[in-house]
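Asks: Residue numbers (our numbering), protein chains in the order written: chain A, 1 to 212; chain B, 1 to 212; chain C, 1 to 212; chain D, 1 to 212.
Rather than coming from a laboratory, the hints here were simulated on the basis of the structure. One or more hints might be untrue.
[To be verified] List of simulated lysine-lysine pairs, DSBU-like, C-alpha gap at most 35 Å: (1) B/LYS91 to D/LYS160; (2) B/LYS199 to A/LYS91; (3) C/LYS91 to C/LYS199; (4) C/LYS199 to B/LYS160.
For clarity, every value in this text was computed on a predicted model and none was experimentally measured.
There are 4 protein chains.
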Amino acid sequence: MFVLVNLKAYPCDPVAVAEAAERVATEHGADVAIAPQAAHIQAVAQSGAETWAQHVSPVGHGSHTGSTLAEAAADAGAVGTLLNHSENRLKLADIDASLDAAERAELSTVVCANNPDQIAAAAALGPDAVAVEPPELIGTGTPVSQADPDIVRDAVAATKRVDPEIEVYCGAGISTGEDIAAAEELGADGVLLASGVAKAADPQAALEALVD
Amino acid sequence: MFVLVNLKAYPCDPVAVAEAAERVATEHGADVAIAPQAAHIQAVAQSGAETWAQHVSPVGHGSHTGSTLAEAAADAGAVGTLLNHSENRLKLADIDASLDAAERAELSTVVCANNPDQIAAAAALGPDAVAVEPPELIGTGTPVSQADPDIVRDAVAATKRVDPEIEVYCGAGISTGEDIAAAEELGADGVLLASGVAKAADPQAALEALVD
Amino acid sequence: MFVLVNLKAYPCDPVAVAEAAERVATEHGADVAIAPQAAHIQAVAQSGAETWAQHVSPVGHGSHTGSTLAEAAADAGAVGTLLNHSENRLKLADIDASLDAAERAELSTVVCANNPDQIAAAAALGPDAVAVEPPELIGTGTPVSQADPDIVRDAVAATKRVDPEIEVYCGAGISTGEDIAAAEELGADGVLLASGVAKAADPQAALEALVD
Amino acid sequence: MFVLVNLKAYPCDPVAVAEAAERVATEHGADVAIAPQAAHIQAVAQSGAETWAQHVSPVGHGSHTGSTLAEAAADAGAVGTLLNHSENRLKLADIDASLDAAERAELSTVVCANNPDQIAAAAALGPDAVAVEPPELIGTGTPVSQADPDIVRDAVAATKRVDPEIEVYCGAGISTGEDIAAAEELGADGVLLASGVAKAADPQAALEALVD
């Protein structure tokens with residue numbers, strides 16, 4: 001199971017979380033990555049943790065002031081990117097163009113969406129993975145795998161109908177190892193986490209509780 | 001005169017440009033800053049050059065995936081930020097909120113706009129500086145100070161009517177020391193540059209030609 | 001005092017509200033206008049009521065599918081338009097361009113904003129009027145004139161400093177004649193209303209209570 | 001073959017075009033519809049022509065100033081709506097929500113997209129039809145069926161893999177009966193037209209040339 005910790009714009013120390021993730025990844029053989037603010041990618045990547053961008057813009061090199069260039073994120077150390085997170089919804093055409101941008105920069109891609117229909121739509125654009133995160137469960141502490149197991153099952157089925165190679169992650173409310181086990185049982189290949197780790201008093205303990 | 005070099009999403013080496021800027025700033029006593037991609041802020045700031053963000057989001061700490069948090073930009077070494085560049089136009093309410101965000105993170109602020117009316121509007125929101133850049137002249141090589149001197153004069157007058165403390169920069173087509181001198185004569189306190197330096201074969205020579 | 005009733009996307013009968021407004025305007029000599037959905041402008045205007053658009057796009061004639069063309073709104077009978085309502089915030093450059101579009105179509109203009117700084121910014125763009133509506137009071141039933149009289153006073157002062165000819169309206173929570181009188185005393189030239197009339201069981205009675 | 005004439009924000013007389021469409025539909029047994037500005041829906045529908053909206057917002061009844069409410073469009077006489085036109089690209093989540101809104105208002109739906117991948121994505125959201133319109137051919141006079149027949153064939157194949165019930169239209173550069181015949185041969189069920197009819201000196205003749 002892939003564990004992607006989204007630091008959003010939280011007031012955490014991104015390097016401390018990254019170092020905790022790196023230790024947990026090494027000690028437990030877990031597949032853990034950290035998605036910090038773009039301005040923190042370099043510092044997080046230098047910690048040795050697998051580093052992701054939270055977003056890349058649907059553009060290539062050129063006159064795009066204020067964009068988040070995929071090549072710049074890769075340059076700073078990112079190896080993947082989230083796209084279309086519920087806090088950063090994109091136009092359909094821009095998800096397509098951001099996927100192209102990420103591919104040019106050799107970043108792995110996860111396209112988020114709300115429900116199985118949108119997951120199928122996202123899958124049709126050819127990302128490496130999709131992630132279903134019911135917005136109403138984000139930040140609630142109630143795991144999606146328990147509150148709405150069907151949405152995970154349906155997202156997996158919808159994705160595999162489009163392309164069995166695309167991985168499926170789920171998010172919202174995941175905070176324990178049991179939540180991850182439940183997600184895996186529903187067919188998910190990974191999970192998205194955020195506040196449960198980023199806001200934890202002890203991020204390493206929080207991550208260990210997950211991957212054990 | 002303040003010289004802000006906007007690297008946009010250009011395929012330049014941001015650290016090489018920053019080092020050139022830092023040498024020119026030191027050797028010529030010039031006031032030069034570099035605005036790279038957010039993911040390059042840390043590397044650029046580590047070169048010793050004055051580093052600016054190209055944009056910050058109208059948010060504070062919180063659940064804002066994919067945002068450009070002012071605090072993260074500051075953390076990585078930025079001391080100022082552009083806002084509302086013509087390639088990244090913002091909602092009026094978001095310029096206001098991004099100015100608040102920048103102030104919380106102790107970033108200097110320059111709000112860009114197209115014409116004197118919009119410059120007056122931008123000034124009313126209380127930035128440290130405004131910048132007038134007629135979009136039709138961006139990237140043309142024809143300096144605004146020559147193609148449309150009245151827009152610079154009118155922008156200065158409009159700004160000073162709102163608040164004489166707010167500095168006024170101009171941009172578009174600036175590439176020689178004469179362009180800068182002309183801008184200064186029109187009342188500008190600084191200039192915005194981009195391709196003229198970022199795409200130059202020898203950025204240091206390009207900057208020296210400007211500040212001499 | 002000008003009374004502008006914004007029907008938003010409420011499930012009301014726009015013609016019934018317009019006819020009530022027209023009767024109240026005629027019988028009480030009141031200055032009342034109705035802002036329906038664009039698709040309802042023609043039917044509302046045919047009722048004889050003064051009809052406003054809720055928004056016009058920052059474009060002129062051309063290839064702009066899905067835009068709200070100022071000329072089409074005027075054609076259908078609108079004589080004015082709201083711009084930058086808190087439910088439809090616009091880019092600074094687009095407020096400027098929408099004002100140009102409205103002027104070409106001979107529509108009166110009211111630019112909404114949250115606070116006195118943004119009101120000054122809006123005024124700098126040269127609309128016929130501005131409207132201050134603290135978003136946190138919209139739909140509360142607590143009139144802005146009572147909850148935050150200073151914001152109205154400051155908005156009036158900020159506007160008059162820019163151009164004494166620009167009218168100032170206020171909105172949020174206005175539902176009684178006393179609220180309107182209080183707004184007038186604070187210097188406002190008009191008020192924006194919405195649910196208090198649009199969702200009233202008897203819109204005519206609701207309007208009469210206001211203008212008496 | 002369904003022929004949808006998108007009037008965009010063109011300076012045409014929408015009722016004159018609608019009357020021409022209505023005559024051609026009646027005399028030639030053709031399936032022709034007109035998509036005017038929202039503010040013109042009522043006048044166009046009253047001409048007897050089949051009337052479509054150019055866009056509906058991803059909202060239901062409520063506090064949505066400046067939205068294009070599907071129910072208001074239907075009320076005024078629209079029976080269908082375009083969504084995600086290349087001049088009005090929408091967020092993936094908003095296409096989904098606008099489809100829900102259109103369904104509640106009993107409007108037929110056509111979701112536009114640039115390329116077969118995006119067409120498959122659009123189809124996954126369950127519209128009545130999709131339309132492929134390569135942006136680079138819009139307004140060129142070169143029919144997509146001739147310039148890029150594969151994009152039409154691939155769009156048809158991609159759609160039918162998702163759901164054989166979903167119709168496929170194509171657009172860009174269609175202006176003659178031969179273009180329509182070619183589109184039909186490639187598997188399209190309809191075409192989108194715009195300037196060829198809307199800007200024609202004689203819209204009826206332009207439409208007759210198409211449907212003959």
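Asks: Compare the structure with each hint and give your call.
Replies: Quick rundown of the hints versus the structure:
1. B/LYS91 to D/LYS160: violated, 41 Å
2. B/LYS199 to A/LYS91: Judged against 35 Å, a Cα distance of about 31 Å means the pair holds.
3. C/LYS91 to C/LYS199: Judged against 35 Å, a Cα distance of about 30 Å means the pair holds.
4. C/LYS199 to B/LYS160: violated, 46 Å
In the structure shown, a violation is registered for the earlier hints numbered 1 and 4, in ascending order.
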